[in-house]
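K.L.:
With the hints as extra help, turn the sequences into a complete structure.
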Amino acid sequence: MEEGMGALKYSRTAYEEALDVLSSLIVSRRRCDKSGDRFELLFEYVKMLDLEESMSKMKVIHVAGTKGKGSTCTFTESILRKCGFHTGLFTSPHLIDVRERFRLDGIDISEEKFLAYFWWCYNRLKEKTSEDVPMPHLFRFLALLAFKIFADEQVDVAILEVGLGGTFDATNVVQAPIVCGIASLGYDHTELLGNTLGAIASEKAGIFKRGAPAFTVCQPDEAMHVLRDKASQLDVQLTVVPSLDPELLQGHKLGLEGEHQYLNARLAIALSSTWLHRTGHSNLSYKEQSGSLPEQFIEGLTTASFEGRAQIVPDRYNDIESPEDLVFYLDGAHSPESMVVCSSWFCAAIKHNQEGILDHQLDDTGTSSNKLLQGYDNDEARKKSVQVLLFNCMSVRDPQLLLQPLIKTCTNNGVHFKKAVFVPNTSLFNKVGTHGLAEANGEVDLSWQFHVRRVWENIIQSEKGGDSQGIGAMVEEESEKPEVSGKSCENSAVFSSLPMAIKWLRDSVLQQNRSIRLQVLVTGSLHLVGDVLKLIK
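Counting in the working numbering, the sequence shown runs from 1 upward without gaps.
Hints are not guaranteed to be accurate.
Straight-line distance between alpha carbons at most 25 angstroms, and here's what the computed DSS-like set of lysine-lysine pairs gives [as the list claims (entries may be wrong)]:
#1 K47 - K128
#2 K351 - K383
#3 K47 - K253
#4 K126 - K431
#5 K383 - K503
#6 K57 - K47
#7 K57 - K113
#8 K537 - K431
#9 K59 - K230
#10 K113 - K47
#11 K253 - K287
#12 K253 - K57
#13 K418 - K384
#14 K287 - K59
#15 K383 - K418
#16 K126 - K113
#17 K503 - K534
#18 K113 - K59
#19 K351 - K418
#20 K503 - K537
#21 K287 - K384
#22 K209 - K230
#23 K384 - K113
#24 K253 - K383
#25 K384 - K209
#26 K59 - K253
#27 K408 - K384
#28 K418 - K503
#29 K253 - K230
#30 K351 - K384
#31 K287 - K431
#32 K408 - K351
#33 K47 - K59
#34 K113 - K534
#35 K418 - K408
Because the hints were derived from the structure by calculation, they are not lab data.
P.N.:
Set out below in structure tokens:
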């Protein structure tokens, strides 16, 4: 850390004050627009923060994509850390605490360091910006803060996840990455990136830089054609990698759940190996012809962790004797393609659960690990498993495009939700941090939640042969109680707040004398996933 930045001990109040100041940089619900919102200003900010030289020397891995880019970055960081390198990882969004976005050697930056770097950057920019060059908005500031942190902490490698798009993303101020990656592409943020896969791929390929090799996974033809064309224009060597062969893990499992993670893991292997090769550490890289992964790669892939993605968390509520009576399956899927992946994972996970009882032991960091127990008692075996959906999505998205593939995939796997619960997010778009919570007692506009519920009901009613019966006697919809808003529906309910929905789920288990086991899929929004984690952990 630079001299003068201080090594003061900061109180929680000081941290909350910083988060309030950070919140003042939120200018709208949108992070950028397609025109770039004066992208060139980022280079001015870099100069103001005296970061030009350090950023030119920074050994960056830059990753874009619609889905899987965060997981790919997480795998990549874990691999290179296990290889002995000092790593910096910048991802978005955060789920609970903004410090999650900045990880040093796999650990969220400390509150003390965050405050020192935050105030240094904020005060310097506040001093040097003007009417012509105004303060950066939130995401740009966070990206600049990441560059400052990684520069002063002298990381060996900086792994950067693109926030949105690629061409005009704040992370794209990096001009000479060591290697770039494009994870799976699909339809998301179409109002900003375009309505076709070709347009979206063009924005993502904006991170390609002349002289830096790039890797991607198998993409739809339209997207792949654009990626290859953009790479050709810049003389970028673009390589397509296949999914990882599980045999290469030598009997171990990936640290991140879901079959789709084998694709992200293989992309991470390519990025890590290329970074090692291009920075003079070829002896540590993966050589495909060898037929086996280096031990450090296997350890990195199998110990990686990323909250809110295919995460299983049992409820530890004091009044519930068995945590397995209420289990939350959390995944921040928010595009049609990721909904298919999410629902496939959920179906496989609950099938695994029904073959035995998952003993979810929590480690000191609060991360759940899953171990199958054989020979559980008869009372547990007799419990009825009931699936419930807890859902919200941003109003810029079409809920039909999200719910349709979710229902179809689950139905094809023999899983039928007995109830869908729709809630507003608890966190506020104009507040950063754990204290940015909506007032539960205030007036809440639920028009969007009622609209999403109507979409759900229409899909359910149109499904032929699906189980559209409500929970009925098992889990009553207590529609007369104030916590349930709106007219009673057989398959769904709208709650005016997330805490009320969580209370209803807990009460449902208790009122049935623990004769049921609720398996709750939480999806549609990473913000919703983060809000649930705040309440149950």
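K.L.:
Against this structure, judge whether each hint is valid.
P.N.:
Hints versus structure:
Annotation: proposed proximity of K47 to K128 holds, straight-line Cα distance about 10 angstroms (limit 25 angstroms). For the hint pairing K351 with K383, the CA-to-CA distance comes to about 14 angstroms; that is within 25 angstroms, so the pair holds. For the proposed pair K47 and K253, the alpha carbon gap of about 45 angstroms is over 25 angstroms, so the pair is violated. Pair hint K126 plus K431 holds up; C-alpha atoms about 20 angstroms apart against a cutoff of 25 angstroms.
Between K383 and K503, the direct Cα distance comes to roughly 21 angstroms. Compliance with the 25 angstroms bound is thereby established for this hinted pair. Annotation: proposed proximity of K57 to K47 holds, straight-line Cα distance about 15 angstroms (limit 25 angstroms). Distance hint between K57 and K113 is fulfilled; the C-alpha atoms sit about 22 angstroms from each other, no more than 25 angstroms. Of the supplied pair hints, the one linking K537 and K431 holds, its CA atoms being roughly 21 angstroms apart against a limit of 25 angstroms.
Using a Cα cut-off of 25 angstroms, the hinted pair K59 and K230 holds, with the two alpha carbons roughly 23 angstroms apart. Restraint check for K113 and K47: the C-alpha separation of about 22 angstroms stays at or below 25 angstroms, so the hint holds. Restraint check: the Cα-Cα separation between K253 and K287 comes to about 21 angstroms, which is no more than 25 angstroms; the hinted pair holds. For the hint linking K253 to K57, the alpha-carbon distance of about 36 angstroms lies beyond 25 angstroms, and the restraint is violated.
For the hint pairing K418 with K384, the CA-to-CA distance comes to about 12 angstroms; that is within 25 angstroms, so the pair holds. Restraint check for K287 and K59: satisfied, since their Cα atoms lie roughly 21 angstroms apart, inside the 25 angstroms limit. Annotation: proposed proximity of K383 to K418 holds, straight-line Cα distance about 16 angstroms (limit 25 angstroms). Simply put, K126 and K113 have alpha-carbon atoms about 20 angstroms apart, close enough for the 25 angstroms limit, and the pair holds.
Restraint check: the Cα-Cα separation between K503 and K534 comes to about 14 angstroms, which is no more than 25 angstroms; the hinted pair holds. Proposed proximity of K113 and K59 is supported: the alpha carbons are some 22 angstroms apart, at most 25 angstroms. For a cut-off of 25 angstroms, the pair hint linking K351 to K418 stands: about 16 angstroms separates their Cα positions. Between the alpha carbons of K503 and K537 the distance comes to roughly 14 angstroms, so the proposed pair stays at or under 25 angstroms and holds.
Proximity of K287 to K384 is assessed by CA-CA distance (about 49 angstroms); at most 25 angstroms being required, the pair is judged violated. For the hint pairing K209 with K230, the CA-to-CA distance comes to about 10 angstroms; that is within 25 angstroms, so the pair holds. For the given pair, K384 sits about 48 angstroms from K113 by alpha-carbon distance, which is inconsistent with the 25 angstroms threshold. Between K253 and K383, the direct Cα distance comes to roughly 29 angstroms. Violation of the 25 angstroms bound is thereby established for this hinted pair.
Our distance criterion of 25 angstroms between C-alpha atoms is broken by K384 and K209, whose separation comes to about 55 angstroms. Of the supplied pair hints, the one linking K59 and K253 is violated, its CA atoms being roughly 29 angstroms apart against a limit of 25 angstroms. Proposed proximity of K408 and K384 is supported: the alpha carbons are some 23 angstroms apart, at most 25 angstroms. With a CA separation close to 18 angstroms, the supplied pair K418 and K503 stays within the 25 angstroms bound.
For the proposed pair K253 and K230, the alpha carbon gap of about 35 angstroms is over 25 angstroms, so the pair is violated. This hinted pair checks out: K351 and K384 have alpha carbons roughly 13 angstroms apart, not beyond 25 angstroms. Restraint check: the Cα-Cα separation between K287 and K431 comes to about 47 angstroms, which exceeds 25 angstroms; the hinted pair is violated. With a C-alpha separation of about 17 angstroms, the suggested pair K408 and K351 falls inside the 25 angstroms cut-off, and the hint holds.
Between K47 and K59, the direct Cα distance comes to roughly 19 angstroms. Compliance with the 25 angstroms bound is thereby established for this hinted pair. Note on K113 and K534: the hinted pairing holds, with a Cα-Cα distance of about 23 angstroms set against a maximum of 25 angstroms. With a CA separation close to 15 angstroms, the supplied pair K418 and K408 stays within the 25 angstroms bound.
Hints 3, 12, 21, 23, 24, 25, 26, 29, 31 from the list above are not met by this structure, while the remaining hints are.
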